[in-house]
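Mind docking chain D on chain Y? Use the hints.
Listed below, chain by chain, are the residues.
2 protein chains.
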Amino acid sequence: MKLASIKTPTSRDGVLVVVSQDLSRYAVVSDIAPTLQYALEHWSRCEPLLQATSAALNADTNSGEAFSAQHAAAPLPRAYQWCDGSAYLSHAELVRKARGAEMPAMLYHEPLLYQGGSDDLSGPHDPIYIAADDWGLDLEAEIAVITDDVPMGVSVEQAHAHIKLVTLVNDVSLRLIMKPELTKGFGFYQSKPSTAFAPVAVTPDELADLWRNSALDASVVSHVNGQKLGAPNAATDLNFNFAQIIAHATKTRNLKAGTIIGSGTVSNRNPEQVGSSCLQEIRMLETIATGEAITPFMTYGDVVRIEALDANGDSIFGAIEQTVEAYAPA
Amino acid sequence: MKLASIKTPTSRDGVLVVVSQDLSRYAVVSDIAPTLQYALEHWSRCEPLLQATSAALNADTNSGEAFSAQHAAAPLPRAYQWCDGSAYLSHAELVRKARGAEMPAMLYHEPLLYQGGSDDLSGPHDPIYIAADDWGLDLEAEIAVITDDVPMGVSVEQAHAHIKLVTLVNDVSLRLIMKPELTKGFGFYQSKPSTAFAPVAVTPDELADLWRNSALDASVVSHVNGQKLGAPNAATDLNFNFAQIIAHATKTRNLKAGTIIGSGTVSNRNPEQVGSSCLQEIRMLETIATGEAITPFMTYGDVVRIEALDANGDSIFGAIEQTVEAYAPA
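Line order of the protein sequences matches chains Y and D. Each step along the first sequence adds one to the number in the UniProt record's numbering, with nothing skipped, and position 114 is 114. Each step along the second sequence adds one to the number in the UniProt record's numbering, with nothing skipped, and position 48 is 48.
Just chain Y, same shape as in the assembly:
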């Protein structure tokens, strides 16, 4: 099934809805769970009821209300944890080369994680607000999963079973703030503004053959201003799958229901053929090829679009489509 949270003025968490497979219609499920967070906390009770609603919605194409991604918040408009990995090492190698940073040897042996801000997650059509246009604004197209309660110290096999939903992310990054920020040694803060999410999150059973070995076998297509940046496959050249990332994350802590775990920027080893999921990779490839980065970072008015497609070219999660807007403090 596919789940979304529709924006409402009366709840910071939106209203949980079940969305049809083709993303055209939805059914409110407030009698089962008012919010996605609630559903994740009571998954064993809610999941079969939500699945039944999904089956009925898909069976009767006249049922439900018209679904518009414009009205969707992030599936979890705010979360208690957003932990992002960096599981495609081809991306890690290229962006480090661009920053003039070394590739630590440990990255080949265990997943790299950072703790992201989760109190203010953006919906698929929310603007990207920035207060200055010289911060090196970049997209990062990623896959993410959402878990139920995961106890400390789970195995990779146990971790796989805690993945309840899969979705698509724009891990918005400010490249020119990032480089000096990382020299301080404590990771990202200012360089990672509000992360944006696709309209829906999808259960592994609904993904069927596309979900294998804790990874999503789908092309992730990114555009800026209608120009295609790339369409790498999210299951290809993935150095650590989601179960491995989760197991690594639980070494010293529990993960509570509603934890979002990201893959890092989707990146394949043949970017010349499949393109990239962020501007920084493209700029680095340009620098390697020509001696200078040609593609600019994003600025006010630019539009970024990210979508994951199945083998038929159908959108799995709906598109993230964000316009960059100037932010003026009150």
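Among these hints, one or two may not hold up.
Since copy identity is lost for identical chains, a pair holds within one copy or between any two.
[Said to hold, decoys possible] Here are the simulated BS3-like pairs of lysine-lysine, each with C-alpha atoms no more than 30 Å apart in a straight line: (1) Lys164 x Lys251; (2) Lys97 x Lys228; (3) Lys251 x Lys184; (4) Lys228 x Lys179; (5) Lys251 x Lys7; (6) Lys184 x Lys164; (7) Lys251 x Lys179; (8) Lys97 x Lys179; (9) Lys164 x Lys7; (10) Lys184 x Lys97.
Keep in mind that the hints were calculated from the coordinates and are not lab data. Since the model is a prediction, treat every value here as computed from it, not as a measurement.
Then chain D, alone, in the frame of chain Y:
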């Protein structure tokens, strides 16, 4: 007023209560706000009602129920954001020296922040669970504030007014996991297990003269197994106050209601006189003085106690008192 969240099997967020000034009694305020998160989201409406309850509770010493810190969760048992600063540069200098790391020049000009895990915060008497005792388990005694909604780009003056509560933190750290983790370049994750909080959070008006210039003028006393580590003053040698940290944090993002902002380990410039708030500082001072670190990190069965005292020696937030326990995965 002083607020706490009492543990209950029926809510992950506990039950909000108002606690008397002397921490001896409490009144349930579910008719005003079921949880602290709810109160922070509706602060302008809830705060006067909670203050009235507090005034009545303090006026009639026979009213209320007996308060026990043993039953308290963290004031926010889970939060949407836990952002920890490192505002005492004497601490930053000593722990970097211990790690053999450089002190980046930027740290003297702007606050250092890291994004902490906030989905599973510990109450004041919760055990510290670790699965191995060779990870270099350390305490870090810190002050923290809790905000309402803070928009992107606030000034230092505006930030000050968004501080609704002040509390005390044990930012539990795993020093021997930290050093290799930080070489990966993305900050802390495994090296920061569940952070623990004092029994109550206190409004700035209740702190009166102790709350000045967005800082807490109180001694923070730390013990391990009954042995005093130190009692530095939290307003002394503070390089960045909470308003400055918050303003810095909002450069590229909003902070939503219930955001917790930490000071970093409380540390004064004269540790020989006032002692320290973590073992790593003590070990570094020992190394400087004698050539080797003598004080061990914590292990199973050890008890850490952290408390902030006013000028009369009275406990402001109640004590954090945690025992280290071995964790065995299921």
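For this structure, which hints from the list above don't hold up? none
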